[in-house]
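J.: Could you put the whole structure together from the sequences, leaning on the hints where they help?
Spelled out, the chains give:
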Amino acid sequence: MKELSYYPGCSLEGTAREYDESIRGVCEILEINLHELEDWTCCGASSAHCTDEQLAIELATRNLTIAEKGGRELLVPCVACYSRFKVAEKEVQEHPGRQETPYQGKVRIRYALDFFCDDSILNLVKDKVVRSLSGLKVACYYGCLSVRPPDITGVRSYEDPQHMDRLMGILGAEPLPWSYKTDCCGASLMMTRTDIVRNLSNHLLEMAEEAEADCLVTACTICQANLDTRQEEINKEFGHKYDLPIFYFTELMGLAMGHRDVKKWFGRHLTDPVRLLSSKGLIK
Amino acid sequence: MKPEMGAKGMEMKGRGSVIDSSFSDLVAKESGESILACYQCQKCSAGCPVAYAMDILPNQVIRMVQFGLRERVLSSHTIWICASCYTCSVRCPNDIDIAKVMDTLRHIALGSGIKPAEKDISIFHSVFLDSVKSKGRIHELGLIWQYKVKTRDFMKDVFLGWRMFRKGKIKLFPSKFGGGREIKDIFGRYKKGG
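As they're listed, the protein sequences go chains A and B. Residue numbering for the first sequence follows our numbering, starting at 13 and increasing by one per position. Residue numbering for the second sequence follows our numbering, starting at 3 and increasing by one per position.
In case anyone wonders, no lab produced these hints; they're calculated from the structure. Glycine included, every Cβ here is placed at the ideal spot set by N, Cα and C. Among the hints, a few may not be true.
What the hints assert, rightly or not - Derived lysine to aspartate or glutamate pairs resembling DMTMM-like cross-links, with alpha carbons at most 20 Å apart:
1. B:102 - A:218
2. B:169 - A:273
3. B:102 - A:195
4. A:149 - A:218
What the hints assert, rightly or not - Here are a few chain A residues that face chain B, going by a calculated C-beta distance under 8 Å:
5. 26
6. 57
7. 198
8. 203
9. 280
T.: Structure (C-alpha cells):
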C-alpha cells in the first residue's frame, strides 16, 4: 500500500467537492492511502502573490512544514496550490534563510495529474480498468499552471503536453488533438471580470467543439468551474448551444475503474454529464 | 550596462508624464528580472489571452518601465487584468518572466497610494486575504458575501449560486479554524496590509 500526505485545498471543500471525492475514490481502488495534512491552511493562492511575495511564501510553507514532518510525498489536487507550493519550494531551496520558515525544502510535491500520469500508476490503472471508455471523445484541457512555467512544473512539452492524453487512452477514451490545450480560461478573474472569463472560456468550448470532442477533461478546479458553471451564460451571451460536460480526470478514472459513487460525483456538475455517458452506454 | 542613478533617481516632467528614472531599477530589483533586456519583439503581447482587455500591452508595460513612466504603469488596468497564465514568460526570448514583473508591479502599486484601475480585482484580493487571516482557510460562501458587501453588487451570480447550492457545491459553514497562532504571526510579519 502506497502512503501519501494529502493537501486538499480550500476549493475541494466546496465548489470542487467532486474532485476531492473522486481522488479519494480512485486512491481507494489503487490502494493508495491518503493522510490529510492536519490543520492545513490556505496556500495563499493568487491573492497572496498579487499582494506580497513574502506573505505568499510563508502561507505556502506553513503547510509544507507540516508535510515535511510526515515524511511522505505530498499529493496536491489544485493547480493553484501546487504552483504556490512549488514557487515556495524554489525560493526556500535557492535562498535558504531568507524567509522566516522552518521548512527545509525536502517534501516531494506531487500535482495530482502528474502523479496519476506517472508510469508506475498508469500500470496499476491498466489492470483496474473494468469499463473501457470506448467511444468517448475527449479534449484534454491542461490549462496554464499545470504546465507553466516549466522551471516550476518540470513539464517539458508545455506547449503540447501529452500526459493526460496518455491516461485517457489507457482508460479507453479517445483523446483528440486540439490547439487550445494550454490556453487560459480567465482563471482567478472568475468573480471580478467574469466578462473576460466568459470570453476566454467561449473560445475553449468553441475549439473543443470544432475538434468534435464530446467533453473536456481538466485537472484544475478553476478551469472546471469556469467552463462548467458558466456554460449556460456563455451560450446566452454568444448564441451557442454548447452542451459539453467538463470532467475532472479522476472522475473518468473512477468511471473506468468501476467506482460505485460516480453518479454522485456527476450529479454535482451544472452541465449534466449523465446524458452523454448514457448515450455512449458508459453509465446506466 | 545600466546608467548611473542617484539614490532616488531623477524626476522629470514632460508632455504630461512624470519620469522616475529609478523606477526600472526598482522593478528589476524587486522582481529579479532583467527589464533592460527587452528588445520589443512583442511576442508577449501576441500570445497574451487577455491583451484585448488591456489598456497598455505587456510589451508596452516593459517599455514604460524602462522609460520610468511609473505612474502610467501603476495606474494601468493591465497590471490587474493579467491572469498570471505565464504564456508570455515562457515565450520571451530574453527570459524575462513578465508575469512575475506584473506581480511586482501590483505589489508596488498597492504600496504607492495610486488608486488601482481595476478596483474590484484589488478588493477581491484584499477580501480573500482577510478571509485567510481570520479563518485560516477560504470559506467560499463567506468570501463571496464579503466581496459583495465591499463591491455593493449583490445581484451578480445570485442565480448561479443557487444552482450550485442545489448541486451541493456550496458549503454553508466554514471548516474549523486552522493554523491559529501561526497564521496570525504570518500576517503580523506582513506589515503593509496586515
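J.: Run every hint past the structure and note whether it holds.
T.: Here is how each hint holds up against the structure:
At roughly 30 Å between alpha-carbon atoms, residue 102 of chain B and residue 218 of chain A are farther apart than 20 Å, so this suggested pair is violated. The hinted pair formed by residue 169 of chain B and residue 273 of chain A meets the criterion: a straight-line CA distance of about 15 Å does not exceed 20 Å. Pair hint residue 102 of chain B plus residue 195 of chain A holds up; C-alpha atoms about 18 Å apart against a cutoff of 20 Å. Of the supplied pair hints, the one linking residue 149 of chain A and residue 218 of chain A holds, its CA atoms being roughly 15 Å apart against a limit of 20 Å.
The interface hint given for residue 26 of chain A holds, since its Cβ lies 4 Å from the closest Cβ of chain B, which is under the 8 Å cut-off. With 8 Å as the threshold, the beta carbon of residue 57 of chain A comes within range of chain B, its nearest partner Cβ sitting at about 7 Å, so the hint holds. Below 8 Å, beta-carbon pairs count as interface contacts, and residue 198 of chain A has one with chain B at about 6 Å; its hint therefore holds. For residue 203 of chain A, the interface hint holds, the least distance from its beta-carbon to any beta-carbon of chain B being 6 Å, beneath 8 Å.
Look at residue 280 of chain A: its Cβ gets to within about 5 Å of chain B, closer than 8 Å, so that hint holds up.
Violated hint for the displayed structure: number 1, the only one.
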